[in-house]
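Once you have looked at the hints, place chains U and G on chain C.
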Amino acid sequence: MANAIVRGSLVRVGLTGVLFALALAVQAAGEATYVIEGSKAAQLDSCVEPTDFMRRNHMEVIEHQRDETVHNGIRSTKHSLAGCIDCHTSYGADKVPVSINAEGQFCIACHEFAAVGMNCFGCHAGVPMQPSAETGDLPLPRIGHKVGLSTGEPEAVNVTRGVERGVSE
Amino acid sequence: MTTNKHKERVDTSRRGFLGAAAVVTTVTVAPGVVLHRLAVAEPRSEAVTSDVRWGMLIDSTKCAEGCDACVTACNRENGLDLQKQPKGEDADQQKKWDRQAAKWIRIVKVKDNLTGHESRLPMMCQHCEHPPCVDVCPTGASFKRADGIVMVDRHTCIGCRYCMMACPYKARSFIHETVDTKLTRAPRGKGCVESCNLCVHRRDNGTPSTACADACAAQGQGAILFGDLKDPEGPLMKKLTTLSSRQIREDLALDTGVRYAGV
Amino acid sequence: MKRIVYREWRLAPQRYWGLLAILAVVAGLGGLAFAYMEHEGHWVTGMTNQVVWGTPHVFAVFLIVAASGALNVASIGSVFGKTLYKPLARLSGLLAIALLAGGLLVLVLDLGRPDRLVVAMTTYNFRSIFAWNIFLYTGFMVIVIAYLWTMVERKGHPYTKPVGFFAFVWRLALTTGTGSIFGFLVARQAYDTAVMAPLFIAMSFAYGLAIFLLILLFALDQDGRPIGKFVLFRLRNLLGIFIGAVLFLVVIYFLTKLYGAKNYDLVAFYLADGGIYTILFWFVWILAGSLFPLGILFHPELSKSRAWIASACGLTVVGGLASMYVIIIGGQAFPMQLFPGKTILESGFYDGVGGAAAAYAPSLPEILLGIGGVAVALLITAVGIRVLQFLPESLADRDVVDHHVVRV
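Residue numbers (the working numbering), protein chains in the order written: chain C, 59 to 227; chain U, 2 to 264; chain G, 40 to 447.
Excised from the complex, chain C in its bound form (with noise of 0.2 Å):
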């Protein structure tokens, strides 16, 4: 039993480790830069957050989001997935858009990197939503407009406290 805990420990000192190890090789990598070229991304300063919260809190920050839209209904912030994707999708030769989750793309490359398992995209679209008129959809790049510039002004939801108090909640 002690055996367990004490191994238990050594395990967890050890994982702790390799995460301190791998932020401040992140750090060391300083101004090191993750976005596919082609994408929207690649032309901005920063993410809806400052880089170095997004690559820490991204989850959180989605996952807070995910609830809120779902059960609440709210689509108007720039934590959406859908932001993300239309953000971070780089596109081929012909302006066809490649999957965000396509091997080598933003989301996969840095995921499979890290041995993180999600799988958003078994139901998520990969590619951004297609504005189309027939349907009603809101063009997407509206909301992309939005997401590239307002990272100056703060929005009204506060990130920082939701992933705090917990996404689950």
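Quick caveat, the hints were computed from the structure, so don't treat them as lab data. Be aware that a few hints might be false.
Derived lysine-lysine pairs resembling DSS-like cross-links, with alpha carbons at most 27 Å apart [unchecked claim]:
#1 G:Lys268 <-> G:Lys125
#2 U:Lys85 <-> C:Lys153
#3 G:Lys296 <-> G:Lys125
#4 G:Lys301 <-> U:Lys110
#5 G:Lys296 <-> U:Lys112
#6 U:Lys240 <-> U:Lys112
#7 U:Lys112 <-> G:Lys301
#8 U:Lys239 <-> U:Lys145
#9 U:Lys88 <-> U:Lys110
#10 U:Lys240 <-> U:Lys63
#11 U:Lys145 <-> U:Lys88
#12 G:Lys381 <-> U:Lys96
#13 C:Lys153 <-> C:Lys98
#14 G:Lys200 <-> G:Lys121
#15 G:Lys200 <-> U:Lys110
#16 G:Lys381 <-> U:Lys112
#17 G:Lys343 <-> G:Lys121
#18 U:Lys63 <-> U:Lys110
#19 G:Lys125 <-> G:Lys200
#20 G:Lys194 <-> G:Lys121
#21 G:Lys343 <-> G:Lys268
#22 G:Lys296 <-> G:Lys200
#23 U:Lys63 <-> G:Lys381
#24 G:Lys194 <-> G:Lys125
Going by beta-carbon spacing under 8 Å, a handful of chain U positions derived as facing chain G [to be verified]:
#25 Val111
#26 Arg162
#27 His177
Bear in mind that the values here come from a model prediction, so they are computed numbers and not experimental data. Yeah, the Cβ is synthetic: ideal placement off N, Cα and C, and Gly gets one too.
Chains U and G only, in chain C's frame:
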């Protein structure tokens, strides 16, 4: 008046992006307008409230023989036409696949056993006030939104299908296959249950009506009327107060949000 | 009455490992079937949007119901103070855990998103009887393990009775919960009746005891341990009573449904024109699975033969599976009453056009998954009695029965 206060806040944060004319219009109109009835297409920024309850009136006498515009429109709107039969070309496989593919709305034709009176009507999720599917869901994935829309949170749905056992309208579908192509507005994936959500993306983006109601109107039938069941001055309630309508399976007392006339 | 001695199952190694290998292969096939269904999605099964619960649920519900029934032997011993059943209590507890584990495994592996099991374990909707069942099942496991501990550990003996009583109450709640999964469904005519709960309790008594007896006779037979007539005949009579109780509640079920004119069609579907469901009901469940075993168990000559008693148990198990098929799948195949008093002429979603039943044909992966669950349950039992002291050295009358009881 939280809605008005909120409106002002939204206006401030958006001032930079909206044209001057739009700002003037919104600010002038804002005090008198309740958020949900804004004609301006604007993604929702405040949580839905129970001030509205979305519902429908379906006049089966206007449902025209041979027309399935509502079904086609729903399939397009919600990406149901993107489902593909995974494998198996033989007739048996195809028949089975047709029973496995998700359908949110279908046309049903019924005949009274005694009088022989026939009626034709579209059936979909009835958006009950007391939905059995919500009661039975072990994880709470099946839920009723404040504005009366009954829907599934795919993120917590474990695919147990108990809601499908419990729904008296057989409104729900299980996704039996891996879905390759999906729309941003209608996520869909293997192993979850789904059903009509009254075009919830349209509700949240401020687009009026639903795909089925629009299609029915475009055909000239106008059998489907969509609206707010809590707005006595709205077109839906005005119609409901004058036209005799009923709920399907009234005996279960579920207080459905979709009402039928002429059945 | 002598002190009861428990011993590990002394089966010849090659027989034991052979048995384990067979069970492991069957369980492995079930695992492969699961992997296939999980990878492809449920379109490879016979399940559709009309029949949403298929063969895996037949096996899962059967095993779960039988699990709570298997504990009865222990309950009779410690709750009702019948010392005769005490030597059987350990096996009864083990079997209860094993059957429940097998059943739950099948249930979980048939989920659309089995990867989200942790969601089911952390997010609850307490209006759902299904959510309550998650607690009832896991709680049952914990309580039965505690119960077993009080039996095998000297320090625990004083607690055997209170823990046993608690386990008994819990198992009644568990089967009530399982029955209510169906009983609380107002939408479907075949369910929507409170009699489902007592019916499932009676079923659990019968099916659990039948499986218990089969395993007991097999295990004792394999390493030559005696079982006395007194013990065996007691269990045999008990099984007869339980089967009778199921039949009684089935009659009540149909009378309940027949009393309201709106259910005439449903009763006719089960009893007369339901095709495969009618055949399964009359010939497999009622005739082969209930009346035939009853005939054997109360026959003046046959009831004395161990082989015949074992066959009666086997038939009860087969009848039990058929009963689950009829209730779970037949209940869904019967067209839902969308428009009372009207006939559906056309439908784009198979709403029972002209009163037609929904089609369902079990697919191979579903059957393999279900049988895999049975194999897992047997595997747990086989390993359990082999490595731990679950089986009494002897069940001969002179070892387990007080003399004055025998004379009476």
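A quick look at each hint next to the structure:
{"no.": "1", "hint": "G:Lys268 <-> G:Lys125", "verdict": "holds, 16 Å"}
{"no.": "2", "hint": "U:Lys85 <-> C:Lys153", "verdict": "holds, 26 Å"}
{"no.": "3", "hint": "G:Lys296 <-> G:Lys125", "verdict": "violated, 41 Å"}
{"no.": "4", "hint": "G:Lys301 <-> U:Lys110", "verdict": "holds, 21 Å"}
{"no.": "5", "hint": "G:Lys296 <-> U:Lys112", "verdict": "holds, 25 Å"}
{"no.": "6", "hint": "U:Lys240 <-> U:Lys112", "verdict": "holds, 25 Å"}
{"no.": "7", "hint": "U:Lys112 <-> G:Lys301", "verdict": "holds, 17 Å"}
{"no.": "8", "hint": "U:Lys239 <-> U:Lys145", "verdict": "holds, 25 Å"}
{"no.": "9", "hint": "U:Lys88 <-> U:Lys110", "verdict": "violated, 31 Å"}
{"no.": "10", "hint": "U:Lys240 <-> U:Lys63", "verdict": "holds, 14 Å"}
{"no.": "11", "hint": "U:Lys145 <-> U:Lys88", "verdict": "violated, 36 Å"}
{"no.": "12", "hint": "G:Lys381 <-> U:Lys96", "verdict": "holds, 26 Å"}
{"no.": "13", "hint": "C:Lys153 <-> C:Lys98", "verdict": "holds, 13 Å"}
{"no.": "14", "hint": "G:Lys200 <-> G:Lys121", "verdict": "holds, 12 Å"}
{"no.": "15", "hint": "G:Lys200 <-> U:Lys110", "verdict": "violated, 61 Å"}
{"no.": "16", "hint": "G:Lys381 <-> U:Lys112", "verdict": "holds, 5 Å"}
{"no.": "17", "hint": "G:Lys343 <-> G:Lys121", "verdict": "holds, 22 Å"}
{"no.": "18", "hint": "U:Lys63 <-> U:Lys110", "verdict": "holds, 13 Å"}
{"no.": "19", "hint": "G:Lys125 <-> G:Lys200", "verdict": "holds, 11 Å"}
{"no.": "20", "hint": "G:Lys194 <-> G:Lys121", "verdict": "holds, 21 Å"}
{"no.": "21", "hint": "G:Lys343 <-> G:Lys268", "verdict": "holds, 8 Å"}
{"no.": "22", "hint": "G:Lys296 <-> G:Lys200", "verdict": "violated, 40 Å"}
{"no.": "23", "hint": "U:Lys63 <-> G:Lys381", "verdict": "holds, 19 Å"}
{"no.": "24", "hint": "G:Lys194 <-> G:Lys125", "verdict": "holds, 17 Å"}
{"no.": "25", "hint": "Val111", "verdict": "holds, 4 Å"}
{"no.": "26", "hint": "Arg162", "verdict": "holds, 4 Å"}
{"no.": "27", "hint": "His177", "verdict": "holds, 4 Å"}
Violated hints, listed in ascending order, are 3, 9, 11, 15 and 22; each of the other numbered hints is respected by the structure.
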